[in-house]
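J.: Taken in order, these protein sequences are the chains called A and B.
According to our numbering, the first sequence is numbered sequentially starting from 171.
According to our numbering, the second sequence is numbered sequentially starting from 7.
Hint data in this document are derived by calculation from the structure and do not stem from the laboratory.
Since the structure is predicted, the reported quantities are computational estimates derived from the model, not experimental observations.
All residues carry an ideal CB built from backbone N, CA and C; glycine is no exception.
Do not take every clue at face value.
Sample of chain B residues at the chain A side, in silico, Cβ under 10 Å [what the hints assert, rightly or not]:
1. 52
2. 156
3. 205
Spelled out, the chains give:
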Amino acid sequence: MGLKEIVVISGKGGTGKTSIVGSFAYLASETVLTDCDVDAADLHLLLKPKIKEENVFYGGKKAFIHETKCSECGLCQEMCRFGAIEDFKVETIFCEGCHFCYYLCPEEAVEMKDEASGHWFISETGYGSLIHARLGVAAENSGKLVATVRQKAREVAWEKEARYILTDGPPGIGCPVIASITGADLALVITEPSVSGFHDLERVVNVTKHFNIPSLVCINKYDLHPGKSREIEEYCARENIQIGSRISFDSQVIESLLEGKPLVEFSEGTAAQEIKSLWQEILDTINKREAGKSD
Amino acid sequence: MKIAVASGKGGTGKTTVSTNLAKLIEKEYEKKEDHRVWFLDCDVEEPNAHLFLKPSFTASKPVLVKVPQIDLEKCDYCARCSEVCAFNALAVLKEKIIFFEHMCHSCGSCTYFCPQEAIKEVSREVGVVQEGFCDDMGFAHGILNVGEAISPPVIDEVKSYQDWARVTIIDVPPGTSCPVIAALKDIDFCLLVTEPTPFGLNDMGLLVDLLRSLNIPFAVVINRSDLGNEKVEMFCREEKIPVFLKIPFDKEIARISAEGGSLVEEVPWVRDSFSDLWSKIKEMLGLWV
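Whenever a hint applies, use it, and build me the whole structure from the sequences.
T.: This is the structure:
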C-alpha cells in the first residue's frame with residue numbers, strides 16, 4: 171500500500187480538530203504529522219516539537235517603487251486593481267504581487283521584491299516527525315504555504331518509509347482548505363451538534379465532494395445536544411456520507427490540553443476511548459478502500 | 007461606528023458575541039429611527055450569523071470578478087499573457103491556451119498587455135451577497151461558492167455596506183491572513199473573543215500582533231471563562247489589554263446557542279453582561295452613538 175494522506179477538517183472552527191489530531195498522533199505509528207492551519211497553528215502546543223530545520227517562506231513578490239526613478243506619471247496608481255499604490259508608494263499589505271505595475275512603468279522604477287511571509291519547520295516530536303509552519307502577521311498566500319508543508323511532509327514520509335501522513339487542517343472552505351485536501355485519501359470532518367456546526371459541515375462536505383475526496387464525519391461533544399446530533403446523522407445517511415464514532419463532551423479534554431498532552435495519553439476516560447475507536451475506523455476505511463481498488 | 011468581532015482561533019464564540027451584542031444595541035435604539043444598527047457577516051466561507059439573527063432577505067446579488075476571455079481568431083499564441091501573469095493562471099501551448107480560472111486574481115495585466123488585443127474581460131461569479139432585515143436591524147452576509155478559493159472579493163462586497171449605519175457590527179472570519187485583513191479594513195474597534203486554553207492564548211497572541219500592526223484599538227471577551235487556566239488573563243494584564251466580558255460555560259447557554267436561540271432575549275444575566283459590555287465599549291471610545 172502506498173503512502174496515505176488523512177486530513178482533518180471541520181468547516182466551523184473550534185470543533186476539536188487539533189485535540190483529536192494530537193490523540194491520533196499518540197495512537198499512530200509509521201506516520202508523519204503536519205499542521206496545515208498555518209494561520210493559527212496549535213498542534214505544536216500538544217506535541218512539543220524540537221525544531222530540526224527552519225526555513226523562510228516566500229509567499230510571493232511585492233512591488234517597490236524607486237523614488238529616484240519615478241516620474242510620478244501615476245499610471246501604476248490608475249491601473250492597480252487592488253488600491254495598493256498611493257502617492258507613488260506601494261502599500262505592501264494590499265499589494266497582491268501581480269506585477270502589473272512592474273511591466274507597466276515607463277521609467278522601470280518598479281522592482282518586485284521577495285516577501286518573506288512566514289516560516290516552515292521540520293521537527294521531531296515524541297510522536298514522530300512534524301512539519302508545521304507559521305504564516306507572518308497580515309501575510310497572504312496561505313494556500314501556497316500549505317502546499318509547501320504538504321510537499322515537505324511527503325518527502326519526509328518517503329525518506330522514513332512512513333505509511334501515513336496525518337494533517338491538522340484549517341477551518342473554512344477557502345484557499346488553505348482546498349490546498350490541504352486536494353489529493354488526500356481521506357478527509358475526516360469534525361463537527362459539533364449545533365446549528366452552526368451542522369451548517370458548516372454541509373458546506374465543507376460539498377467541498378470534499380467537489381474535489382472528490384472521500385470523507386468520514388465525526389460528531390464531537392455529541393451529548394451537548396443529542397437532538398442536533400441525530401439531525402446531523404440523518405443528513406449523513408441521506409447524503410450517503412460515512413459517519414464514524416461519536417465523541418462525548420468530557421472535562422478531561424480541557425484538562426489534558428492544560429497539561430499540554432494528547433487526551434489519550436492523559437486519560438482512560440470516555441472521550442479517550444471514543445477517539446481510539448475513531449482512529450481504528452479511519453485505518454479500516456483506508457484499508458478497505460485500498461483492498462477495493464486492488465480487486 | 008464600526009465594531010469588528012474577531013478571534014484568531016475558530017469556535018471561541020465570535021458569532022455568539024457579535025449577534026448578541028448587535029441585538030442588544032438594536033434594542034437600545036428601537037424607539038428611535040430605523041436601521042441604526044447593521045450586522046455584516048464577513049465570514050463568507052462559513053457564514054453563520056443568519057442562523058441566530060434569522061433575517062428576512064430582501065435582495066441578493068452575485069459577486070463577480072473579472073477574468074480574461076481570449077478571442078482565438080485574434081490570438082497568435084505569442085504567450086505574452088502567460089509571461090505577465092504572476093499567478094500561473096494562463097498556459098500557452100502551441101495553438102492552445104489553457105486558463106485556470108481559480109488561479110486568476112483579476113489584476114487585468116493579461117488583457118492590457120496582449121499585443122493582438124485578443125483578450126477581453128468577462129465576469130465570473132464567485133459568490134453572492136444577500137441583504138435583509140431582522141426587525142429594525144439591517145443585515146448582510148456573503149456566501150463564497152463551494153470550490154472557490156479566494157474569498158476577499160466577496161468580503162469586500164459585504165464591507166460596502168459598512169458606512170450606512172450609526173453602529174455596524176462585523177463578524178470576522180477566523181485566522182490572521184488575507185480574509186481577516188479584508189474584514190478588518192477601516193474599522194474603529196475590535197472585540198477579540200478567546201477562550202482560556204493554550205490554543206486560545208496562542209491564537210489570541212497572533213491576532214493581537216495583527217491588530218497592533220493595523221493600529222486598531224481592541225478589548226477582549228473571554229468565553230467559557232471557567233474552562234481553562236489564568237494565563238489568558240495574565241497575558242491581558244501584562245500587555246495592558248482590557249478584558250470587557252467573561253462568559254462562564256453553562257449547559258443552558260450551550261443548548262440555546264446550539265439551537266440558534268438568542269441569549270440576550272432568553273437569559274437575563276447574559277443580557278445584563280452584554281449591556282455592561284456595550285457600556286464599556288462606549289466608554290472606551292468616548293462614544294456619542
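J.: Against the earlier hints, flag every one the structure doesn't satisfy and list their numbers going up.
T.: none
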